[in-house]
Amino acid sequence: MTNGRVLEATELKKSFGDIHAVRGVTFHIGVGETYGLLGPNGAGKTTSISMVSGLLQRDGGEVLLDGQSMTTTTLAPKQEIGLVPQDLAIYPDLTARENLRFFGHLYSMPKAELSKRIDEVLEVVGLSDRANDRSSEYSGGMKRRLNIGIGLLHRPKLLVLDEPTVGVDPQSRNAILESVEHLSSEGMAVLYTTHYMEEAERLCDRVGIIDQGEIKAEGTRRELIELIGQRDRIRITATGVNDATLADLRGLGGVDNVSPTDGSLDMLVSDAGAALPEAMRVLAAHGSGVSSVTVEEPDLEAVFLHLTGKALRD
Amino acid sequence: MKKVLAIARVALLRFLRDRSTVFFVFVLPIGIVMLIGAQFGGDFSPRLGVAAGDGPVATDIATRLKAEDSITVIEFETEDELLLAVERGNVSAGVSIPDDLDSALAIGDTGNVGFISRPDGVGPQLQVVVSEAVAGAAEQEMAVRFAVSKGADPIAAATAAAAVAPTIPNLTVETIVEGESLFPASMGQFDIGASSQLVLFMFLTGLTGSAALIQSRHLGMTTRMAGTPTSVRTIMAGEALGRFIIVFLQGIYIMAATTLLFGVGWGNPLGAAGTLVLFAAVGAGAAMLVGAIFRNDQQAGGVAIVAGIGLAAVGGSMLPIELFSDTLLRIARFTPHYWANDAFAQLVRHDASLVDILPQLGALAGFAFVLMAIASWRMRRVIAQAG
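Going down the list, the sequences are from chains A and B. Residues in the first sequence are numbered consecutively from 1, following this note's numbering. Residues in the second sequence are numbered consecutively from 315, following this note's numbering.
Keep in mind that a hint or two might mislead.
As the list claims (entries may be wrong) - Each computed DSS-like pair below joins lysine-lysine, with the alpha-carbon atoms no more than 27 Å apart:
| id | chain 1 | residue 1 | chain 2 | residue 2 |
| --- | --- | --- | --- | --- |
| 1 | A | LYS111 | B | LYS464 |
| 2 | A | LYS13 | A | LYS157 |
| 3 | B | LYS316 | A | LYS157 |
| 4 | A | LYS216 | A | LYS310 |
| 5 | B | LYS380 | A | LYS111 |
| 6 | B | LYS317 | A | LYS157 |
| 7 | A | LYS310 | A | LYS116 |
| 8 | B | LYS380 | A | LYS116 |
Source of the hints: derived by calculation from the structure; they are not laboratory data.
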């Protein structure tokens with residue numbers, strides 16, 4: 001371990017043909033810290049963690065895991081990492097216990113310890129009562145939890161979770177988030193990628209905002225929000241919005257950013273009280289029908305909007 | 315090694331839990347062996363149709379034919395019925411004995427016994443049997459006619475001929491076989507089918523097992539394994555061992571089942587075991603290669619069927635290699651099936667020892683090595699790209 005850091009990723013680069021998926025990503029994670037990579041789909045999150053996990057050959061940069069250089073061929077650092085891929089990676093025709101036992105063997109866990117640890121992990125992910133059922137019979141949320149359980153099995157120093165709540169029902173999602181909080185409280189370092197702002201805010205000690213293969217900003221929630229000053233976010237649900245409407249809205253004084261998303265407009269403004277009447281006037285002038293208006297305090301989504309000019313869901 | 319075994323164990327476990335593959339791997343091969351043995355390998359007794367008219371000679375011919383152990387006589391009322399039966403293949407050949415045969419012979423005319431056969435099959439052999447029976451039945455009548463033509467009293471000649479007939483040896487047809495028999499007489503009816511179907515199904519099972527490898531990749535399991543402290547080489551070895559065990563178990567099963575159920579002999583045990591092990595390695599190598607090349611299991615399944623059946627046909631699993639032309643033999647040597655079939659042919663039909671089939675085993679080892687090497691190279695690239 002170096003400087004209390006479990007992971008140091010420096011200047012990671014990866015291209016696929018002409019596409020520069022990751023362009024010099026740098027971050028580090030300390031012991032017991034939960035670090036979030038927050039960005040939309042295609043931002044470079046999965047490519048970054050594939051390089052961190054030694055699954056993908058990087059074009060440039062360095063990954064040190066517990067002080068050891070991680071490459072696709074080095075095995076020792078992989079003992080210290082627990083990878084939970086975005087897509088489910090479990091054998092559906094094996095039971096939860098069999099899936100866990102299989103990976104326990106791949107992590108060279110002693111037999112006696114493995115049996116005990118499997119029971120513990122099943123408890124943590126809430127699958128003890130279904131441990132001997134084939135995972136093909138599980139709900140989506142249960143499969144996700146087993147997917148996470150496999151990553152925890154060998155007590156890694158760093159748990160890497162790649163969008164673990166995608167496609168999960170709210171109840172299972174909450175169970176997953178509670179599990180991550182529990183692990184973090186026990187001192188496990190966590191690298192968590194997501195495009196859900198609420199998850200990043202709830203779980204992460206520090207967040208790296210990533211877009212187009214670059215980390216645009218990094219810090220605690222407070223530090224990131226301070227980047228955009230005391231700005232408010234106005235969300236307007238409206239019909240009949242076109243490019244001319246957007247141009248006029250962007251031209252209003254005090255309006256920092258306007259981003260259309262799924263029938264609504266996200267506006268980042270310095271003073272909602274002053275900007276809202278002006279925005280309504282512009283919309284009315286363009287014949288747009290407004291059905292709802294919400295004014296919100298600054299959050300990470302607003303930070304993302306400020307830094308990239310687009311919403312997380314774009 | 316523990317990791318290799320763990321990966322292989324999971325491959326085996328998943329295989330055994332798939333009931334459809336269990337049918338194709340364990341039930342179907344035995345059914346096919348039984349079918350082939352029943353159709354082609356049993357005690358063969360060709361069916362000869364006989365439409366015999368009235369009269370002592372006609373009755374005598376029919377009686378002589380029925381007395382032949384090597385054929386089964388089926389009687390017909392009319393020549394038309396007999397002809398139809400031959401055309402339809404219900405009988406291999408037919409004999410039509412006209413009503414006027416006796417009277418024709420009595421007045422010194424030539425009597426015609428009709429022989430009808432299909433252009434294929436055992437017609438020529440049956441013709442020999444029929445000729446022998448006709449000659450035996452007619453010779454007494456012909457002797458009387460000869461005596462009468464020389465001036466003897468017809469009644470006295472007939473009485474004399476009847477008296478000496480039992481002491482005169484019948485016309486016999488001797489069959490002389492030149493050269494060595496392709497298939498020794500000691501071979502059981504299931505022996506040819508068992509070894510050739512063993513080779514066909516082991517390879518097919520190997521190839522279709524490639525679908526499980528592709529599923530592993532699609533499930534993200536191969537990539538996830540690569541994320542553990544497990545080298546790609548170990549993952550490959552484990553997957554290959556899993557395929558090998560499945561194919562090998564199928565081979566052992568077919569050998570044991572055909573031995574117990576049909577009394578099939580497999581020749582020298584060491585030679586048979588060596589052939590089985592190396593051909594299982596070939597099957598595992600083929601599975602790894604197909605699993606590494608194709609993107610989805612539907613593609614792989616289609617290729618598995620075509621390649622499995624095609625190579626089996628060219629390699630002697632559908633026609634004994636002893637019957638191959640020189641050209642076909644030269645082509646067949648490019649298939650692993652040929653070498654396995656040839657090894658089993660030497661063991662089962664020619665009492666070969668392990669040493670005798672070393673060239674065949676060497677060829678199989680070469681096939682296994684090359685397939686595995688190409689598959690490993692390809693799979694490394696696939697895993698690297700999947701990351």
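Outcome of the hint check:
Distance hint between A:LYS111 and B:LYS464 is unfulfilled; the C-alpha atoms sit about 107 Å from each other, more than 27 Å. The hinted pair formed by A:LYS13 and A:LYS157 meets the criterion: a straight-line CA distance of about 24 Å does not exceed 27 Å. Between B:LYS316 and A:LYS157 the alpha-carbon distance is near 24 Å, which keeps this suggested pair within the 27 Å criterion. Restraint check: the Cα-Cα separation between A:LYS216 and A:LYS310 comes to about 13 Å, which is no more than 27 Å; the hinted pair holds.
Using a Cα cut-off of 27 Å, the hinted pair B:LYS380 and A:LYS111 is violated, with the two alpha carbons roughly 75 Å apart. At most 27 Å may separate the alpha-carbon atoms for a hinted pair to count; B:LYS317 and A:LYS157 meet this at roughly 22 Å. Distance check on the hinted pair: A:LYS310 and A:LYS116 sit about 48 Å apart at the alpha-carbon level, beyond 27 Å; violated. Restraint check for B:LYS380 and A:LYS116: the C-alpha separation of about 80 Å exceeds 27 Å, so the hint is violated.
Consistency note: the structure conflicts with the earlier hints numbered 1, 5, 7 and 8.
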